[in-house]
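Engineer: Chains A and B are the protein sequences, given in the same order.
Reading the first sequence from the start, the letters are residues 1 to 278 in the working numbering.
Reading the second sequence from the start, the letters are residues 1 to 261 in the working numbering.
By construction, these hints were calculated from the structure, which means they are not laboratory data.
Positions of the beta carbon are idealized from the N, C-alpha and C atoms, including for glycine.
You may find that some hints are simply not true.
[Stated by the list, open to error] DEER-style ranges, computed between Cβ atoms: (1) N163(B) to G179(A): 56 to 66 Å; (2) T61(B) to A142(A): 28 to 38 Å; (3) G59(B) to V87(A): 54 to 64 Å.
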Amino acid sequence: MSNHESVYINCEIGEEFTVPRRISIGFATILIVCALWYAATTGLGLIAPGRFPSPTETWSALIHISGRGYGGGDLAMHVYNSLRLVVMGFIFAIATGVPLGLLMGWSRRAEALINPIFLIIRPIPPLAWIPLAILWLGLGDAAKIMVIWFSAFVPSVINTYAGVRNIDRPVLEAAYMLGMPKIRFITEVLIPGASPMIFTGLRLSLQASWTTLVAAELVGAFYGLGRVLNVAQQDLYPGMILVGMIAVAILGWATTRLLGMAEMRALRWNTAALAAKG
Amino acid sequence: MQKQIPLWQSVTLGFLGLASFLGLWHGLAISNLVPSVFLPSPLEVYDRFTTLLERRFAGATLPGHLAASFQRFAYGFLLAAVIGIPLGLLMGWYQILDEIVSPLFDALRFIAPIAWVPFAALWFGTGIGGPIMIIFAGAFPPCVINAYRGAKFVDPRLIEAANMLGTPSHRVIREILLPSSVPSIISGLRVSAGLGWQSLVGAELIVASAGVGYMMVQGQANVSTTTVMAGMVAIGLVGLALDSALRLAERIIQRRRGLDN
Numbered sequence: 001m002s003n004h005e006s007v008y009i010n011c012e013i014g015e016e017f018t019v020p021r022r023i024s025i026g027f028a029t030i031l032i033v034c035a036l037w038y039a040a041t042t043g044l045g046l047i048a049p050g051r052f053p054s055p056t057e058t059w060s061a062l063i064h065i066s067g068r069g070y071g072g073g074d075l076a077m078h079v080y081n082s083l084r085l086v087v088m089g090f091i092f093a094i095a096t097g098v099p100l101g102l103l104m105g106w107s108r109r110a111e112a113l114i115n116p117i118f119l120i121i122r123p124i125p126p127l128a129w130i131p132l133a134i135l136w137l138g139l140g141d142a143a144k145i146m147v148i149w150f151s152a153f154v155p156s157v158i159n160t161y162a163g164v165r166n167i168d169r170p171v172l173e174a175a176y177m178l179g180m181p182k183i184r185f186i187t188e189v190l191i192p193g194a195s196p197m198i199f200t201g202l203r204l205s206l207q208a209s210w211t212t213l214v215a216a217e218l219v220g221a222f223y224g225l226g227r228v229l230n231v232a233q234q235d236l237y238p239g240m241i242l243v244g245m246i247a248v249a250i251l252g253w254a255t256t257r258l259l260g261m262a263e264m265r266a267l268r269w270n271t272a273a274l275a276a277k278g
Numbered sequence: 001m002q003k004q005i006p007l008w009q010s011v012t013l014g015f016l017g018l019a020s021f022l023g024l025w026h027g028l029a030i031s032n033l034v035p036s037v038f039l040p041s042p043l044e045v046y047d048r049f050t051t052l053l054e055r056r057f058a059g060a061t062l063p064g065h066l067a068a069s070f071q072r073f074a075y076g077f078l079l080a081a082v083i084g085i086p087l088g089l090l091m092g093w094y095q096i097l098d099e100i101v102s103p104l105f106d107a108l109r110f111i112a113p114i115a116w117v118p119f120a121a122l123w124f125g126t127g128i129g130g131p132i133m134i135i136f137a138g139a140f141p142p143c144v145i146n147a148y149r150g151a152k153f154v155d156p157r158l159i160e161a162a163n164m165l166g167t168p169s170h171r172v173i174r175e176i177l178l179p180s181s182v183p184s185i186i187s188g189l190r191v192s193a194g195l196g197w198q199s200l201v202g203a204e205l206i207v208a209s210a211g212v213g214y215m216m217v218q219g220q221a222n223v224s225t226t227t228v229m230a231g232m233v234a235i236g237l238v239g240l241a242l243d244s245a246l247r248l249a250e251r252i253i254q255r256r257r258g259l260d261n
């Protein structure tokens, strides 16, 4: 997936010509969908209120959760808890995953030693670790951080590893020939050279973190957005379900955006990589 | 990076890695540092796996649960492919459709598939319909995106040549656009299958009354760590088999088109 992303994105056809048109059509589409939503739920009553909420129901659910709170806390508290767990799990995962990926990319021996273990653990989807995490660590934060760590760890290792392997050979040989010290070699050749792929890995890791967090909170939690979804499902409260989903989507979008900005800053020197990312 | 190491050395190191992983696990399990209820040894997990092949747990044997899971997966995945691939291709060919669908698609894509669980349960129940919708939510985006890319990045010279020679448009679609999108579509299917399988596991943990995920939740409720681990092994094996099958298909198609390099 990552490969295809980086290969194709730079081929936007006739971009400067179509951008304003794209935006206006997109805007119109979203407006029409909102109008249809209103018409189908409130105006014509095509969709039963118990199936999908009307805009007013969604709005009142939003007021409800921000004011009185729902499922054990108000919206800010649920958002805070979910965000905190994702950030902790994600940082923990990249702090362990990126160095391991660098090591595996650099040292053939480390690769030979570790890769087989990876090959047997990797096919197990991160979500399948949830029951085990609950058995081991209960329903609190620790279990969630464990599964998030696990889901974000694998993409960051694999992409960092691939990133090191993609560094141009002459660059490495030049560094060798000039007798670069180890530390400087790692910080000035290995990490920058692998950084476009490392960021691809981080993006995948971040997406995986959100998916896993929501799943883990749906299975069992005391607070968090997944908990809101779960309680709303049991209460048959469609307005609140939609509020929870929108909150998850906005958080996912915002964190991805932040990561993208960090990537732009970090890769500013590397114009080729930036062009490839569009 | 370092030089290649000889094959015998990498094989030995690989065995060493695996052996120390399993050895560490086994040692930790039999040392009673961790209660064996929570960390069974690999042998116990293997025993449990073979027992589950014949004995019922949570309403069915392991193959029974796997069959239930796989049936849901197949429906959800096929539905995603049947709707997603044509949609992606049409979006790639007709700019107006692209401009209309893309904003909606991008907005929906940020919702984690698993967050559809409450609505899926509300709309389609927890039997087979709900999980199918979750799998669909997981498998649909890669199908669309890759079909779209496949359609969009056809060599324009081929189309120009066809147009110049007056080829009718249905033949352009059938003989140029479709064949050149196939490799991208197949890799999209592979990504889809992985995400769909993962979504299925999530859905079964939350809403289901059969399937491997359900078996694992029951194992967790009964503090049967061996059952949970046996479930993980089964899920991993099926996922691996799916991925290998699609990878093989990908390679065969690439080779047939001379794209192999």
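Engineer: Hint by hint, which ones does the structure fall short of?
Structural biologist: As far as the earlier hints go, only 3 is violated by this structure.
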